[in-house]
Each structure stands twice: as C-alpha cells, then as structure tokens.
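S.K.: What follows is the residue order along each chain.
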Amino acid sequence: MTVLVRSWDTLAESVQGTGKRQNQDWYAFAGTGSGADPLVLAVADGHGSAAHARSALGARFAVDRFVALATEFGRAAGSCDEPGRLARLMNYARNDFPRALVQAWRQEALGHWSRHRPVADLGRPEPDADEKLTLYGTTLIGAVVTPWLLTAWQVGDGDLAVVGHDGSVGRPLAPAEEDLGDETESLCGPQAWRAVRTHWAPVFEEARIPRLVVLSTDGLSKSFASGDGFTEFVEGMDGRLATEGFEGVRTALPDWLRHASRYSGDDTTLAAALLHSYAARPPTETEPKTDTRTDTHTHTDSEN
Amino acid sequence: MSGMTGMLDSGTRLTADTGEEVQVVDMLGAGGQGEVYRVKTSAGEKALKWYYPTCATAEQEGIVRELVSRDFDDDRFLWPEAYVPWHRGSFGYLMGLRPERFKGLPALFRRQLRTSTRALLTACLYTVEAYQALHSRGIAYRDISWGNVFFDPDTGDILVCDNDNAVVEGDASGISGTMEFMAPELVRGEPGARPGTQSDLHSLAVLLFMFLMNHHPLKGRRELAIHCLDEAAERKLYGKNPLFVFDPADDSNEPDPMEHATVLATWDASAGALQELFRRGFTAGLHDPAVRVRESEWRDALRAVRDAVVECASCGRQNMTEPDGHQQSAPRPCWGCGERLVLPPRLTVTTPPPRTERHIRLPRAARLHAHHLLAEPARHDYSDASLVAELVEHPTKPGRFGIANRTRENWTGTRSDGTSQQIGPGQTVPLRAGLELDLGGGARAVVRAK
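Chains as they are written, first to last, in the working numbering: chain L, 857 to 1160; chain H, 280 to 729.
Any given hint could turn out to be false.
Unchecked claim - Simulated coverage check for chain H against chain L, where a stretch passes if three residues somewhere in it have a Cβ under 8 Å from a Cβ of chain L: (1) 301-315; (2) 329-337; (3) 382-390.
If you are wondering where the hints come from, they were derived from the structure by calculation, not from laboratory data. All residues carry an ideal CB built from backbone N, CA and C; glycine is no exception.
Sequences are here, hints too, so could you generate the full structure?
M.R.: Here it is as structure tokens:
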C-alpha cells in the first residue's frame, strides 16, 4: 500500500469592482493541510456603503482573526484516535467557534475604533458598541482543512463550493432558500454568532477527500444570469484544472474575475485549494511538487 | 444542505442482521461519532447511523447490539432498531427517521424557530419524563447533550435521538466527548465516579437550563478567557472549579453584559420556582451529587410554572409568573414590552386522593388536561387528545368568558350563592369567582379571582 503525502495547491485573486474607490474584499490562505499546519482559506466582503465606512478594514480583521482561530482549531483537531475527541471538536466547531470568532472580530474592530476615532465625532457623545461595529460590517467565509477534516463557516453572502472525490459539486453552506433581499447577514449584526453557518465534514478515507475547495465573495455569483451559474463556474474550473493544470488556471483566474466584476459591478474575490495528488494525475505527467508555504498570503492591492 | 458526500455512496446496499435489505438514499448529516443516512427498507424509509472508523469500536458494537436487543418501545425516543454489520471498516444501526417538525436546540439558540414559553416549558417537562422513564428501566443515558434532544417548537413534543450511548446503570464503558454536559466528578475523573443516574441528573439540569435560558449555566466571565479547545481550562470550568453564573455567594463568574446578554434576560424572565432549583443544582449540586434536583422535583416545578404562564395584555407575549405556593411579589413587568402584567383568575383543582392541589391561571384559551385531575399522572400530555376543559369567550359578548366542558361526562357547577347547574359535554359555564366545579371521578375545582 502506498502512503500518500497529500498537499494542496492554493490560489487566490481579488478584483476591484468597476467604479469603486477601494476594494472592500479581503482574502488570505495559510498552511499546507498537514496535522501540524492545517490549510486555512478565507474571503470577506466589507459591506461598502457609507454606513459601513470602515468595512474594508472590517473584512481584513475578519480574515485575520479567522486565520488565527481556524489554524488553532485545525491544530487542535490533531489526531482523531480518541472517539470522544471528535464529538468534542464538532461541538466546538458548531457552537463555540462562531462565538469565539465574533468576539475576536468585535474586539479587533472596537480596538481599532478607539485608536482611530472619527474626527467628525469629536465633541459628540461616544456611540455605543453596536454603532461603532456597524462601521466595520463585513461578511466572511472560511475553511480549514486537516488530513481528516474539512470544516467551514460562513456569515452573510458569498459562496463555498466543495468538489468531491467523484467530481460532484456541493455548496454545503448555501442557505436553504436563497436570500433575495438586500439585507445580508453580517459580522457586525447583534448576536452575529447566531448567523454563522457551519459545515462539518470528517473524511477518513484517503480516496474520498474533496479535490477542490472554492470560496468566493458574492461579486462572482452575482455576475451570473442564472442561479446555477456559480456551480457551473466551479465545474468549469475543475475541468480546466484537469486539462490545463494548476498553473493554467492560476494564469486565467484574474481575467475570469475581471470579467465577472464587470457584470456584477462588485469587488470579486476567489480563494481555492486544489488537492495536489489530483492535480498530479494524468493526462499530463507533472513533477511532484512540494508546496511548503507556511506564511499567510494576503492580497495587498487595497493597501496601495 | 446540498453536496455532502460521506462514507457511503447513494445506492449502496447493506443487510441488517435481521436480514432486512437496506439501500442508501442520501446523507442527512455528519455528527461527532458518525454520519446519518436516509435509507430505503422494505418497511419504508429509515435512518441509518454509520460510525466513523475511529468510533467503530468493538465496545460500541456491543452497546448497539445490547440496545437493539432491548426492543425499547417509547415514542419519545429514536432507538436503535437493527444492527447493520461491518462493511468497509465500519458498522451502524437502523432507527426511525426524525420527523421534520422536531428541531434542535442550536436552532433555538440562533432564534431560527418560532416558539413560546409554554412550548419550552412543555418540552422541558417531557424531557424530564423521558429520562425518568429510562432511569426507571435501569438505563443510564450518559450522553445527554443538546445534540440529542429535539423538540417541536409548537407543541413542546420531544424526541431523543442518537441513543447509542445509553447503557445499563453501572456499566463504566466509554464516556461522552463533550464536557459541557458532564457531571463535575466525571470531568475531574475522580476514582469511583461513574456515569449513572446521579451524573445524568446534572446533565439534565444543564439541558433544562439551556432550553429555558439559552445558555450554559457555567459559562460566565471565566469562559471569555478560554482559548480554542483549551482542555485544561475547560476541565477547570466544568470539573475542578465549576461556578454557576448566578451563584449567590460568588459573582466572579457572572455573565458579561455584552457577551452574555441573552442569559441575563432569560434568567430575569424566568419564574423563581425554577431559579431556586437551578441555584441548588448548580451550587451545592455541583459538589454533592446527592442533593441534585431529582426528576420528580423538576416535573412538579415545571408543570406548576407552565400552569402559571400568562399572556401580556399589552403585547401578547407569554410570561412566566410565580406558581401558587411561591413567594408572589407584585406582578413583574412583561419581559417583552415592559408593561405590568395583569394576572387573570385562577382555577384551583383538587385531585382525587391522595388529594393534591393544582393551580391553573386562566388567561384567554387556558386549557385543563386529564393529568391536571390526577394526583400522580404517569405522564403529562398537553395535546388536544387529553383536553378536559378550556376557557372560551362568549360568542356574542366579547370579554365574557366561560369554562367549556370537553369531556363526555356531566359536571356540576355551584355558584357562590349556592345555586347549582349541570354542565353537559360541550356546554359552557360562565367564569365567576367562587364557582365550584365537580369534574367527576372525585376531582373538584374552584375559580378564584386572584
């Protein structure tokens, strides 16, 4: 029996919406997917209107806090030998993680507010915490991958797609009914942890590990005419990975996102992880890659 | 939820050890021990629990086989019905499918359900009776947690699922992975401490607190300092140094006004009769299993508080008030709108011997059920099937109420002036203070203004 050393290739890109002064999306990825160094991906979409004037920062805080907490969670997942440990982890993922995440984000946003009080507020009574947090309002989608576990969380809109070992595309965090209103759930909402959706998917069989995980802000899904557009996009991406390989997709991605952003008018961000052994499969014989990135990678275009 | 692939593919065929053919339809969910699938059998659709390989131990197999052999027939439980033998590194069991109307506690916590105070109190009472039924059969549940109990937000009906950790009392095999519901002595791993009825009583109190307060009783300020899955810190919180968030003698774990706003509000809105029991269970009861609140105590308090729920005249929300026999301070303000509550008249029922009094507040549409007329009802039932009487409004004179006889027997009503009348099935007697009712079978009732 061959012992496979799995690794993941990651790619991410963010495109500023046409006519927008600043890209209010943020993303990051970190880790390799090993037990000690879990793979973490996150995208966030700051709400962007005047009421949420600091949402680009809010998105960044959300991604940063998520990467830290999810990395900790992934490491704690460690080995899965003790049966009781699994139940404990699941309980944490579903019930405690959302509260910890919201708490950490609030702390960071409130800390930033007190260091950077709006000039216009001088002399006025201090706003309450909820008003301050509204300035930083953002969505978040994040996933963590360990050798035997995929867990993902989402608050607000945007999409998570998981391409299974058999090529089936699932959207495990899609709400039961599409939210048609403009009101999106947000990390700044009261009791925001209640709005966090969780996907818990242990995978104990090597052959059943998903081959592609895609996270995107709603700038992508909104660009499609039909509701299935996003799923078709992911199917297409999976197909291109098989025919053109990882580098081919990485090269093409910015154009795809720019195209989508022209239709949606919105900032458009995508982060994806591709199971390395899948990418290395025939038809093209490729050198086995050793992706040992451990640093957190984030985009920087909104800083300029 | 779409797009979940698990250990078993759709279409997989398995055979239960009863010989029953099973075909996998789709995956319903993933849990802490395994996955649950919808399957087709000759007896219709069922649920198949399939263990993760790491949980598919010989010990677990033993527990499942033992539970199946018990042939436990109780509509409040989804019990393992048939063992499904090994296939590709694991095994499982068949059970009934959970009907759609039953929802989990996480959905309640997330305010995704429309429910009511009465429904929640009913769910708590039914939960207590369900576990009592298990204990009376010598089965320790061991794994009471919010993942196992489902309830109907309209009626309060409950369904206990994933009963694959229940064992015969005294059996020390395996324990649950989550500490939140574990008795402190088990978290501490004290020599001689074993999961059993005494430790279940702690778990039950935690579950009831979570139902009614939507929060964990030991998660106050101290939990805010705990980082991700810090086992040592959790052992301290739940085992070594547990402290109730409303401990009257020590406020060092009190709720944080921002992070724990929910429990501050729900505790404030709950009846003193329940607060008293929670206080005992989570102060002295944390350290001395013998003083934990017994199921019969929960049952008595919950039914009394449920009978004292009244609607706010201003906003219509259901409020708990103190049941009779508990200190009745001036009526509190409504938890929803803040208006002062107005207490409606009360019906005092005296059961046949051993005579016991029940006090039922009579807000609009109040209902009297068969169990109200029994001193020791085997089980409480608030469904239409057990309806004995209800308060109805006069069809042409709004604001005038009467008590309608929903039984097949005649009642006798005696007014305060001594005159009496017969109230036949379907008939209504005007609601007046001092009205006495002979409800048949030795049960009597009297209407009181306050």
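S.K.: Taking the hints in turn, state whether each one holds.
M.R.: Hint by hint, here is what the structure shows:
A stretch counts as covered by a chain when three or more of its residues have a beta carbon under 8 Å from one of that chain; for the segment 301-315 of chain H and chain L the count is 4, and the coverage holds. Remark: the segment 329-337 of chain H is confirmed as covered by chain L, as 5 of its residues place a Cβ nearer than 8 Å to a Cβ of that chain, reaching the required three. With a cut-off of 8 Å between beta carbons, the segment 382-390 of chain H has 4 residues touching chain L; three or more are needed, and the interface restraint holds.
Going through the hint list in order, the structure satisfies each hint without exception.
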